[in-house]
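Going left to right, the sequence shown walks through residues 1 to 455 as the working numbering numbers them.
Since the hints were made in silico from the structure, they are not lab data. Worth double-checking, as some hints may not be accurate.
Computed Cβ-Cβ distance ranges for the label pairs, DEER-style [said to hold, decoys possible]:
(1) I25 <-> Q64: 17 to 25 Å
(2) E81 <-> N449: 45 to 53 Å
(3) R435 <-> K139: 52 to 60 Å
(4) E56 <-> I25: 26 to 34 Å
(5) P53 <-> S428: 19 to 27 Å
(6) P32 <-> G155: 50 to 58 Å
(7) A135 <-> R455: 28 to 36 Å
(8) R291 <-> S428: 46 to 54 Å
SDA-like, lysine to any residue: derived pairs with alpha carbons at most 25 Å apart [what the hints assert, rightly or not]:
(9) K283 <-> S117
(10) K238 <-> G167
(11) K139 <-> L127
(12) K238 <-> R297
(13) K283 <-> V345
(14) K240 <-> D131
The beta carbon of each residue, even a glycine, is placed where N, CA and C say it ideally should be.
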Amino acid sequence: GNSGGGFDQFPVSGPQRNHTPMNYIKRCMGLPNEVLGICGGDLYRLVEGWTPPADEGPATDWWQSDHMRVAYIPRVFVGPEGKISVPPGDASPIERVEGDSASILVAGGRFEMIRKSPHVVLAEARLVYDDDRTAADMKAFPRWSAGAGNGFPRGNDGFYAGDATGGSTWLRYRHMLRSNIQGVGPAAVARPQVITDVMGYNTSRSSEILFGAVGPGEGTRSVAGNWVGDLMVEFMAKTKSAQGSVVVELARATRRYRALFDLATGSITLLVVAADGTSAELKQAAHAGIRGASSGRRIRFAHVDRTLHVWVDGKAVFGEGIHVPAASENGPRTFDLEPAAIGLVDGAVADIGHIRLLRDTYYTAKDSPSEMDVHLDDYAAPLDWSPGQPTPDNLKALAWAPMRVLRVPPEHYLCLGDNSTHSSDSRSWGTVPGRLMLGRALGVYWPLNRIGLIR
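Given these sequences and hints, build the entire structure.
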């Protein structure tokens, strides 16, 4: 990550059970004397606008939550310049403040996003959908599909055969979920939804209440969560022509980001497409992509922490990534119903397969990590949201997200877990004294089926 906490991992010996120290592996996100914000699943660092008062009392007590918590602002948008704003007319937007600190933050604070380095982007990615493992009862509702008459048939080998000799052809992802209401017809399943931070690892019968669904016997199952707009798509491309381009697209709110692989030159061009369809080039890398026919190249494209990353056969093309400014608006739009796409343009011919869609880790801001940041009427339930129509009322609230502002006392660290919705970490412990930070965790050696390096 960039300077500061930067997503490094440390085993922490701090929380105790029956006065016995317990070791934890967490990521060190906040360094001594920093002020951090958690908002919309992302992490920010305060760079100007407010200076924390000196800590009072004995230093042995500074780890406690009272020394860490600065403010909780229920509805916030972090704009292009790092300034935070609240909805117009919001009468009492600030809760649990330390003096007038939150008012000062809203009026003049400026935050910068803490961005992950490429290897941490991969480490924190969570699987949304693996096209090689389609659920048997959902084959009638494919998540990756082309429009009517748009080509890209899927073969027995699992690859989609794309031919853009007639102009262009696209595969688009739609997040098709089983209805969370038992007894509804297929039409409810056929409407795509927004992607959320639900993890199968956390789900169980007892966790349904945590995700906002009622208990057994009342006809629902849990699908709700926090909307996640930071995504990554990876796939294998078997190119069969020396002309045209393979295009990978990721959408978030009012923008679409594209990586264009020119098969004639081997260059990779990053583009941003605005809501009105106008596009602008962000960066180009010559001779870094795919040139002509190939037996198979592994492509990965990510938009995470307002940064674009491209990998070809496991190699990061643009170093630490290309930063993009914040949009002037947030919250899901029609684009987010088809948040990822793979296209062939200008006569390109290629087979596309082994597609996986992943999302970034979403850091929650509430006192209870498993509580949704924005309470809605189960916005992951099937919605009648047609392309070109206004955003449904119960999704408009996602334009704003709560922000929790935390400060790190001298000689202390703020540590967060990757499984954010079910993690025991500094949000509940408080900060960790430096004397209890043991160092970097290198690997897992037990259980045997999970042996490997920790990244």
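* Which hint numbers doesn't this structure obey? -> none
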